[in-house]
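Asks: One-letter residues, chain by chain:
Protein chains: 2
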Amino acid sequence: MRLTQFSDYAWRLLMYVADQEGQRTTIAEAAKANDISRSHLMKVAQRLGQEGFLKPSRGRKGGLVLGKPPEAITLGDVLRVTEPDFALVGCMAGDWCLFADRCNVPSTLDRALQAFLEVADRQTLACEPAVNKVVHAD
Amino acid sequence: MRLTQFSDYAWRLLMYVADQEGQRTTIAEAAKANDISRSHLMKVAQRLGQEGFLKPSRGRKGGLVLGKPPEAITLGDVLRVTEPDFALVGCMAGDWCLFADRCNVPSTLDRALQAFLEVADRQTLACEPAVNKVVHAD
Chain A
4 MRLTQFSDYA WRLLMYVADQ EGQRTTIAEA AKANDISRSH LMKVAQRLGQ
54 EGFLKPSRGR KGGLVLGKPP EAITLGDVLR VTEPDFALVG CMAGDWCLFA
104 DRCNVPSTLD RALQAFLEVA DRQTLACEPA VNKVVHAD
Chain B
4 MRLTQFSDYA WRLLMYVADQ EGQRTTIAEA AKANDISRSH LMKVAQRLGQ
54 EGFLKPSRGR KGGLVLGKPP EAITLGDVLR VTEPDFALVG CMAGDWCLFA
104 DRCNVPSTLD RALQAFLEVA DRQTLACEPA VNKVVHAD
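Chains as they are written, first to last, in my numbering: chain A, 4 to 141; chain B, 4 to 141.
Any given hint might turn out to be false.
As the list makes no split between identical chains, a pair holds if one copy fits it or if it spans any two.
Below are the DMTMM-like pairs computed for lysine to aspartate or glutamate, each with C-alpha atoms no more than 25 Å apart in a straight line [what the hints assert, rightly or not]:
#, residue 1, residue 2
1, K35, D98
2, K35, D104
3, K46, D98
4, K71, D124
No lab work stands behind these hints: they were computed from the structure.
Sequences are here, hints too, so could you generate the full structure?
Replies: Structure below.
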């Protein structure tokens, strides 16, 4: 059972931006520091920007800052937008199965997923030891 | 977030075997009925056999029967042996990360995973509507 690399990179990018204590950060800097491909990280940043977790910083030099205070960014909320889906088994994505409509697995996995996300909802970016000194940049 | 196809097939094979109400089932029959490659299903059956969820049936014609009563086979226990790992993000599999040792994500995801598996532990093969008439074959 794995989360996508996209989600992994998303949380790392948010931590990196938060770790700059309100200074703007560029994708190029974040990509280099995290040893992640710049084009891949650009896509992650775009998705996080669409959802308001990141925003462009104003000023002479372009860059990124957090779009919300770190205590308002939960791991659960980030996963909900960075995971392409939560179809844990094929039938949940519409694949044929001999036991469709007479199997409890989809409803059990759905409840299990909710339990998983409830735990992830309790972790905010502000809980991270690496970024606990961060100041939100408006 | 997805489980492996291996896990998906494992639960479907167990349901299929249970659905035969104690009759022996062959891999060939199960593969055909479930539209799954026979060689893939053979590997799934071997793993389930190693862990005691399936066993060869005695008699003239070879086949498979459940290795335990359906009420003793939980979805959680099956996932624990069919998923290759539960390294939800790269660092949990040993990949380098800038924030290693100062990040709460691995411990949070580990707790989230336990919550997920606790829900899966409550579903047994006997709970499945498709197989609730099954009789365990000793």
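Asks: If the cutoff is 25 Å on CA atoms, where do K71 and D124 land: within, between, both or neither? Let me know, please.
Replies: within (16 Å within a copy, 37 Å between copies)
Asks: Taking 25 Å as the upper bound on the Cα-Cα distance, should K35 and D98 be classified as within, between, both, or neither?
Replies: between (40 Å within a copy, 16 Å between copies)
Asks: Indicate which option fits the pair K46, D98 if close means a Cα-Cα distance not exceeding 25 Å: within, between, both or neither.
Replies: For K46 and D98, the Cα distance is within 25 Å only across copies (21 Å; inside one copy 28 Å).
Asks: For K35 vs D104, is the C-alpha pair at or below 25 Å within one copy, between two copies, both, or neither?
Replies: between (49 Å within a copy, 20 Å between copies)
Hint violations for this structure: none, all hints satisfied.
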